[in-house]
Amino acid sequence: MSADRIGPSLAAAERLQPTLNAFVQLFDAEKARNASSGSGPLVGTPVALKDNLCLSWGKTTCASNMLRHYESPYTATAVQKLLDAGAAVIGKTNLDEFAMGSSCENSCFGPTFNPWDTTRVPGGSSGGSAAAVAAGIVPLALGSDTGGSVRQPASHCGIVGVKPTYGRVSRYGLVAYASSLDQIGTLTPTVGEAAAALSVICGHDPLDTTSSREPVPDLVSALEQPVEGLRLAVPRQARNQANHPEVARVFEETIAEYRRLGATIVDVELPLLDHGIAAYYIVAPAEASSNLARFDGIRYGHRAALGPGEDLFDLYCKSRSEGFGPEVQRRIMLGTHVLSSGYYDAYYNTALKVRRRMKQDFDRIFADCQAVLMPASPSPAFKVGEKTSDPLAMYLEDVYTVTINLAGLPAMSIPAGFASVEGKQLPVGVQLVSPAFDEARMLRIARMFERATPWHTRRPA
Amino acid sequence: MSNESLSPEYVRKVAKLSRLALSDEQVAKYGSQMSAVLGYMERLRELDLRDVEPMANVGGTTNRLDPDEPGKMLPNAALMKIAPETMPPFVKVPKVLGEGGGA
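So the protein sequences, as listed, match chains Y and Z.
Under our numbering, the first residue of the first sequence is numbered 1260, with each subsequent residue one higher.
Under our numbering, the first residue of the second sequence is numbered 10, with each subsequent residue one higher.
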C-alpha cells in the first residue's frame, strides 16, 4: 500500500492557511477518505475544489455572503467522477465571489495570496485552487473558467491550467455564472497530471443539456508523443499588445523554444483580439444577471430581515444587496442594462455578432495550424489592492483569455518562465489554444515544451 | 451606445430592475464605474457586422428533450433544510398578492 497523502496534504493546508488563505473550508482526513471510492486511477490523490462546485457535505459558499451558510444537497458530476476515481476532497478553495474577478480579492473571506510573493494576488477567479497547487498542498484542484479563471491564475502561480472545450465537462453542480461560457477545468503542477484528471472528468452527462456527446480519446497514453510537423499560430495582435516587457520576453523565448523543437511558427491575424474584452463584458454580465436572479432570499441563500411595512419586493432587494458584494452587483447591473429594451441591439446583439466573427477567425487559423500560441496574461501577478478600485483595469487583465471562452475552444496555460519584478521572481505562463475537442493534441503540444524546459519543476520557497 | 455617464435616476432604475437596493453613495460609484466600462465598449461600433448572424452559444445545439419519465428528485426534506424560513412542506414568504407583490 502506498503512503498516505491525505494527512500530509491537510497538514500543509492548515500550516499555510494563515499565509495564503487559499482555503475557505478544510475537511478532516477521515471524512475525506471515507467519501472517496478508495480505488481507481486517482486513488489516494488529495484534491481541492473551487468553492463554486457543489458537494453534498460541508458548505458551498461561492465566497459570497449570499451562500455563506449554504449546504448543497447534491454533488457536482465532475466532483463525483473524481471521488469515483479514488480521489479524496480535502477542502474547498477561495475564489472571487461567484467566480467574478481576476485576482481572488472579491471574496467574503478576504483575498488569497500568491505563494511566490504574498504581497501579490494569485490571479482569479480560481485563485485559491491555483495557490493550493503551486504551494504543493494538492497535486490537483478543480476550478472553473468563464473568461480565463483557470488559465490566468495558473499563469500567475507557475502551474498548468486547462480549460477544456465548452461542453467537454459537465457543468451540473457548478454554480452558474455565464452558462454559455462556463467550463470546469484543472489546475495541476504538470501536464501529465492534467491529462490524468481530465481523463476522469470529461465526458457526456445527461444532467447537463449542453454537455457534449463527443467521445473522449485517451489523453494519457499518447502524451509523450511529440506532434510531427507542428504548425503553431502566433497572432500578430498578441505581440503588439502593451504586454509587460518580461511577459513579452518570456513569450518570445517560448516561440524560439517551439521553433527549436521543430515547430513551424505561422504569423496570423486575430483582428478581434482587442474587441474581446468589450464583447465578453457584455455577454458574461448579461448571462450573470439572468443566472443570479435565482438568489432572491426565498428558497435558499441569505434572507434579509424585514422592517415594519416592508414587503416581498423589499425582501428581494434587501436580501440581494446584503448578500452580493460590489463586483457581483456591478455585473448584475451591467447585464440588466445591456439586455434592457432599447439597448439590447446596441450591446448584447452586437456582442453576439462579434462572438461569431471571433469563432470564424479561429476556424480560419485552424485550417492551417494545430494550435495558437499567445500569452495567458499581459502582466505577471500584480499587487494585492492594486486594481480593486478600477473595475475596467481589472477586466483588461483578461484580454488573452476571454476570446477563447466566447469561441468555446479548449485552451491551457503552461509555465514558460519567470519575470524579474522588483527583485522577485514571478512565474509567467503562455497559452495554447486548440480546435474544439482537440484536447489530446493540445496536451501533447504542451508536453513537448514541458519536457524541454525546467519551468514546471520550480516551486515557491 | 453613448459615452455620456449614466444619470443617477437611470442607475436607480437599473438597480430596481436588478432587484438591488442601493445607497446614494453606491449609485454614484456604480454609475461612474459602469459608464467607464460602457464607454470602453464603444469600440465595438468600429466593426462592420452587417452580414454577421448573432451567436448566443457555440454548441449550436437546439433544444434537447428528455423522455417524459420521472427521474431522481431531491427529497422535500433536503430542500426544507436549506430554505431560510419554512412551514414544511412549504417555504414561507411575505404576502405575495396586493401592493408590493413584486410581480
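FYI, nobody ran anything at the bench for these hints, they're computed from the structure.
Treat the hints with care, as some may be off.
[Claimed, not checked] Using 30 Å as the maximum straight-line C-alpha spacing, the simulated DSSO-like pairs for lysine-lysine come out as follows:
{"no.": "1", "chain 1": "Y", "residue 1": "Lys1642", "chain 2": "Y", "residue 2": "Lys1612"}
{"no.": "2", "chain 1": "Z", "residue 1": "Lys81", "chain 2": "Z", "residue 2": "Lys25"}
{"no.": "3", "chain 1": "Z", "residue 1": "Lys22", "chain 2": "Y", "residue 2": "Lys1318"}
{"no.": "4", "chain 1": "Z", "residue 1": "Lys22", "chain 2": "Z", "residue 2": "Lys81"}
{"no.": "5", "chain 1": "Y", "residue 1": "Lys1612", "chain 2": "Z", "residue 2": "Lys101"}
{"no.": "6", "chain 1": "Z", "residue 1": "Lys38", "chain 2": "Y", "residue 2": "Lys1642"}
{"no.": "7", "chain 1": "Y", "residue 1": "Lys1646", "chain 2": "Z", "residue 2": "Lys25"}
{"no.": "8", "chain 1": "Z", "residue 1": "Lys38", "chain 2": "Z", "residue 2": "Lys25"}
{"no.": "9", "chain 1": "Z", "residue 1": "Lys101", "chain 2": "Y", "residue 2": "Lys1646"}
{"no.": "10", "chain 1": "Y", "residue 1": "Lys1290", "chain 2": "Z", "residue 2": "Lys25"}
[Unchecked claim] Derived Cβ-Cβ restraints for the label pairs, each shown as a range:
{"no.": "11", "chain 1": "Z", "residue 1": "Val100", "chain 2": "Y", "residue 2": "Ser1296", "range": "55 to 61 Å"}
{"no.": "12", "chain 1": "Z", "residue 1": "Tyr19", "chain 2": "Y", "residue 2": "Asn1608", "range": "18 to 24 Å"}
{"no.": "13", "chain 1": "Y", "residue 1": "Glu1645", "chain 2": "Z", "residue 2": "Arg73", "range": "55 to 61 Å"}
{"no.": "14", "chain 1": "Z", "residue 1": "Pro98", "chain 2": "Y", "residue 2": "Gly1266", "range": "41 to 47 Å"}
{"no.": "15", "chain 1": "Z", "residue 1": "Lys104", "chain 2": "Y", "residue 2": "Thr1468", "range": "48 to 54 Å"}
{"no.": "16", "chain 1": "Z", "residue 1": "Asp57", "chain 2": "Y", "residue 2": "Glu1273", "range": "55 to 61 Å"}
Just so you know, even glycine gets a beta-carbon here, dropped at the ideal spot from N, CA and C.
Hint-by-hint comparison with the structure:
1. Y:Lys1642 - Y:Lys1612: violated, 36 Å
2. Z:Lys81 - Z:Lys25: Cα-Cα ~37 Å, so violated.
3. Z:Lys22 - Y:Lys1318: violated, 34 Å
4. Z:Lys22 - Z:Lys81: violated, 41 Å
5. Y:Lys1612 - Z:Lys101: violated, 44 Å
6. Z:Lys38 - Y:Lys1642: holds, 23 Å
7. Y:Lys1646 - Z:Lys25: Judged against 30 Å, a Cα distance of about 28 Å means the pair holds.
8. Z:Lys38 - Z:Lys25: holds, 16 Å
9. Z:Lys101 - Y:Lys1646: It is violated: about 42 Å lies between the C-alpha atoms, which goes past 30 Å.
10. Y:Lys1290 - Z:Lys25: violated, 44 Å
11. Z:Val100 - Y:Ser1296: 55 to 61 Å: Given range 55 to 61 Å: violated, Cβ gap about 35 Å.
12. Z:Tyr19 - Y:Asn1608: 18 to 24 Å: holds, 21 Å
13. Y:Glu1645 - Z:Arg73: 55 to 61 Å: violated, 45 Å
14. Z:Pro98 - Y:Gly1266: 41 to 47 Å: With a Cβ separation near 42 Å, proline 98 of chain Z and glycine 1266 of chain Y satisfy 41 to 47 Å, so the hint holds.
15. Z:Lys104 - Y:Thr1468: 48 to 54 Å: violated, 36 Å
16. Z:Asp57 - Y:Glu1273: 55 to 61 Å: Given a distance of about 57 Å, which is inside 55 to 61 Å, the answer is holds.
Violation of the numbered hints given earlier is confined to hints 1, 2, 3, 4, 5, 9, 10, 11, 13 and 15; the remaining hints are satisfied by the structure.
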